[in-house]
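Protein chains in written order, with my numbering: chain A, 83 to 441; chain B, 83 to 441; chain C, 83 to 441; chain D, 83 to 441.
In case anyone wonders, no lab produced these hints; they're calculated from the structure. Zero decoy hints are in this set.
When chains are identical, the list treats them as one kind, so a pair holds in a single copy or across two.
Calculated cross-link-like contacts (lysine to any residue; reagent style SDA-like; alpha-carbon spacing at most 25 Å):
hint : residue 1 : residue 2
1    : Lys402    : Val308
2    : Lys372    : Pro142
3    : Lys287    : Gly257
4    : Lys322    : Gly257
Protein chains: 4
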Amino acid sequence: MSQSIPQTMRAAVLHGKSDWRLQDYPVPTPGPLEVLMKVYACSICGTDPRVIRDGWPGMPPFGSFIPGHEYSGQIVAIGPGVTDFAVGDRVAIESHKGCGHCLNCKQGRYTICLNYGKPETGHRHYGFTANGGYAQYAVNHVSTLYHISDSVAYEEAALVTTAACVHFALDNVGGLLGGETVAVLGPGPIGLMGVQLVKALGATKVILTGTRHERLDVGKALGADVIVNIHEQDAVAVAKAETGGLGVDLVLECSGSPEAAAQAIEMCRRGARISYIGDPHVMATINLRKFVLDDLRAAGVRGEGMADCRRSLALLAAGKIVAKPMITHHFPLEEVNEGLQTFIQRKGGALKVVIQPNG
Amino acid sequence: MSQSIPQTMRAAVLHGKSDWRLQDYPVPTPGPLEVLMKVYACSICGTDPRVIRDGWPGMPPFGSFIPGHEYSGQIVAIGPGVTDFAVGDRVAIESHKGCGHCLNCKQGRYTICLNYGKPETGHRHYGFTANGGYAQYAVNHVSTLYHISDSVAYEEAALVTTAACVHFALDNVGGLLGGETVAVLGPGPIGLMGVQLVKALGATKVILTGTRHERLDVGKALGADVIVNIHEQDAVAVAKAETGGLGVDLVLECSGSPEAAAQAIEMCRRGARISYIGDPHVMATINLRKFVLDDLRAAGVRGEGMADCRRSLALLAAGKIVAKPMITHHFPLEEVNEGLQTFIQRKGGALKVVIQPNG
Amino acid sequence: MSQSIPQTMRAAVLHGKSDWRLQDYPVPTPGPLEVLMKVYACSICGTDPRVIRDGWPGMPPFGSFIPGHEYSGQIVAIGPGVTDFAVGDRVAIESHKGCGHCLNCKQGRYTICLNYGKPETGHRHYGFTANGGYAQYAVNHVSTLYHISDSVAYEEAALVTTAACVHFALDNVGGLLGGETVAVLGPGPIGLMGVQLVKALGATKVILTGTRHERLDVGKALGADVIVNIHEQDAVAVAKAETGGLGVDLVLECSGSPEAAAQAIEMCRRGARISYIGDPHVMATINLRKFVLDDLRAAGVRGEGMADCRRSLALLAAGKIVAKPMITHHFPLEEVNEGLQTFIQRKGGALKVVIQPNG
Amino acid sequence: MSQSIPQTMRAAVLHGKSDWRLQDYPVPTPGPLEVLMKVYACSICGTDPRVIRDGWPGMPPFGSFIPGHEYSGQIVAIGPGVTDFAVGDRVAIESHKGCGHCLNCKQGRYTICLNYGKPETGHRHYGFTANGGYAQYAVNHVSTLYHISDSVAYEEAALVTTAACVHFALDNVGGLLGGETVAVLGPGPIGLMGVQLVKALGATKVILTGTRHERLDVGKALGADVIVNIHEQDAVAVAKAETGGLGVDLVLECSGSPEAAAQAIEMCRRGARISYIGDPHVMATINLRKFVLDDLRAAGVRGEGMADCRRSLALLAAGKIVAKPMITHHFPLEEVNEGLQTFIQRKGGALKVVIQPNG
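Next comes chain A alone, as it looks inside the complex (with noise of 0.2 Å):
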């Protein structure tokens, strides 16, 4: 290991519900096939706070658990067995390593492993059941690592999984077909990032809806051609009126909204896919008549799959989709908990908001 690494590091850790506490903190050292890389972006997700309120399943004890897990950094150690990877490395990670050996890891599903939680199975979800990346340097299994092209910053790279749980919300639909109307519901950072990646990928008109003025006037500088503020408009009128009265014929549910849920449906035309991104939390209550009548196709995600960390940091370096402009705050790590705050009231219009631990 090389000497410039010290014995203690800062980090936010997490001592009890709604306890998050700044200190000092041991530098762990990787194992076999893992790294350490000193933490230069770490992106707040909306899962955050609720892991910071209420803990999480199967996570390391209060007081030695350290969430975050949209970060990136820089490797500068190694373990033993990491032939892909090297000191000096720029590195993004998506936040899931399967066991690799229960069925759906081994068809490639990794993110809804069947042996989520047990530690003991190789399994780990870094920021869940893992340490994360508040906190100046973490371990992450080479499974989880995506190099950075030297055009990207670390706090573009940080907010990779946010195009990648897109990317796979494509894939799991049967992908995008150029020339389709894809309507976003939810002008959220995942919203906002599918409006880009639809309208990079060939969509002829995104249709974006949402409730806030300044988010959806946000969509449709970042490529989405009608914006339907549904305070005032009804979604699924305006998406028939703009589809000749077929409907459209690709959802993305970015809200997590019951509503939207049932909205995607009545949106659809004859054959489409709806993908379920948001997390509703309720139960819904959908047109499951519909849904059958017109063969339509829906797939929930959880979140990144399939390697599209890769993909999406290869869009991102080639500049066909962007982040900063999604990147609102940012924040020292010794003022992680205001930058929380920031995120959770939307203080100034607040979208993505980073802590960055090594200034």
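Following the hints, complete the assembly by docking chains B, C and D onto the known chain A.
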């Protein structure tokens, strides 16, 4: 044309809502790419009573419309351009013929043709928007015809879309991986054929749920490993218990009950697939959260598709699936209304009722 | 029909092998589901010289056959049953119209219709087995029409199948995973469009191989990251070196050279895919051992398919791919033979040569 | 660990090229996520003679290497972290264990792991780069284990990858559509299992080609509809004649003969698929023109994959495919060399030869 074809035939014609009459009717003439068949079997489908009671959007005018969409017979005349079928051929039909040139048809999804109900575009839905099989003769486009093996009886072949619908359901959810555990909800004709099909394709354990003991018993005889009367047992709990707590790999929802639609999701292991085949006619309230977090996939299935009638007839011919045990009653065409009542009221445990227009 | 349509037009008619004559010809009348268009651009494809020299199986008789299968124009009349297109619409065509009812057509693979060349079944291959676009007017079935965005010029739209062919190639090999390294063999029109497409869809590194410096330079300008003149460098060695020794993820073989067909396999990493688009006309000797041991996959591509013209036009309209830099020459219809010679002899670096039948 | 496990066992150890010796050997200890099994059956595969004659890249050193990759047995001890298997379980194995973190593994393609032969990355190929089954005991990672139904004998289960390889071949070419005509080239174990599998999945007509009457007769008994001795008949002509001139829908090339590899293409109807399973060891000269113009698809198949052992064991348990008729000889471990010679020289019509290390 052969001289043995009469100018008139007996047919069951819809004269108004719930006004279905037997009468003489002109034998139709096959146009380009059409054949005329002598109908030997037309089975009653659950949709027929509704068509007869309410009519159907785009149907021929009252007084001229012959319903019936599950039929088979022998070709007695062919129209211009027919090269793949000849007089004397034994054939079964599927009811959907797409326009052939809309986006869905060009991608092979002719059952959800975007020109449904517009005959001028070439679309036909026999027994719905074009005349069907409750008659001694019927005209069909070659696109809807499939040869029957000599070893398959007309009445068995008349049920081909019952099997093809399940085959298409499997296609739409990415197939069946042998060794999987499958839950089939609803022991009607579709569900009972579903039990047979998934067993034929290598499912290890099939759990069939329903409310009627006698139908569940038929399911058991046709291959179901576990039967659950939901008036007596919790279907979700059984599904979990039978899979070591994981949940099943695939659900075929064939009942059309909104409660079953919701149970389908609860029964799933992470990454499982659901085929929604039953039409619930009402809204369904579902656990979309589990759908999202477990990367579930679902597909609605309107009917047969992808030329899956061909594979269904092949499995019938090979004896891997059977239709006869599901056929409980036969009626001549003159007693079609008695057949219909037997089916609707499930007299004598009626499951599939076959009308034989030519004895 | 509009009064402005004349009764005769100018057309380039094949009177015998290599006997192609400009003459007056009756303007055709659109039948059911057909339109009549005024042709504004018809580009010369590599197949045209062969059709003109040798004829084509199933073509209309010498003296009546008008070749040309890459064209676009404006609709001036519509036949019975046409609902999705109207007089005045700007449209591009694809040359294949399947019969719509064979097994391949029913599964959406209309370019390999099993009734190819049998017009009585409904099959058409415009410019091959039916009249095409080297004329002032042409009739097309709606199945072969695609609307053109106002921002796309007729001559650009005439090249739509060049792009659609590569799109279909990607479909047939399971798509492109962004971030992949792609080798494109052969810098002809298909290869140059291939370079653009895979870059537009997120390929990180594109290696273009060929024998002519000027065409390779066009490829470089259109996005190729690495160009290889195979007279000067070993293409397989370069492909390995550019991928850290692994081999490329995807190969598009667009040259039709049997040597390139063999190199395609040698360049592959384990699990890579190969799309064979170029027609070699001769046998090819390949390393099938590597194909087997590395789980390689290959797909032949006859032409466009899956309605991929739609997505190609969408990418053209969005500026993600361009056609103009590939169009080197224009000729009026009266100089069609000069255009043909320019194309065949590659005069003035001819790449795509466009005939403009209506000025 | 149970007390009944001895410290040494009998094993067949490779001491040099073609120097394979029976000897005492330390019983191995299972590490994390590994089990120790008592081996009851290890069948000889066509690759074994080559491994024994030439060694294998990445194998353990001469003097310590135990070959054998088709085996089954009972678990007698488990290592740390094993949760899905227990002492007493009956299991069969697949030979490939991917590293779990390269791009191919993350997409579920572990048999073509990019870290093949690098044990430090976690990759194992039992019987090739790690010790295998010609021994009384063997250690395997849980990733390679499958439970055996009580109704399946150890020797049958030992052949699981023979079936799984064909299952994976079907996956890789997009599955089998029941009702299809399939040509199987080469009546070795893979081909004979292929005949059974495609019949079990609904193939209507199976054409088996080969050079030995006795093996073709076994194929006939196992379900082939047409057998062709290529010394007596033209296999391509038969395939065409049996399909009304169209060509077959699917070819499984299991012979490894370059002539058969070429015939596979000639036999195809438009749009057909070819699975190349046999390894020809030499170059093959093929009609790539037909491959391109008919939109053919081909996939190489290195071995099993996608956890297809599971579905193969399910079909074995259900009696839909059988292994016993293919097992012609049994030998105790002490006579392993006699077994090998019986297999190589095809003594007594040897097809599959099973070694029984524990009687």
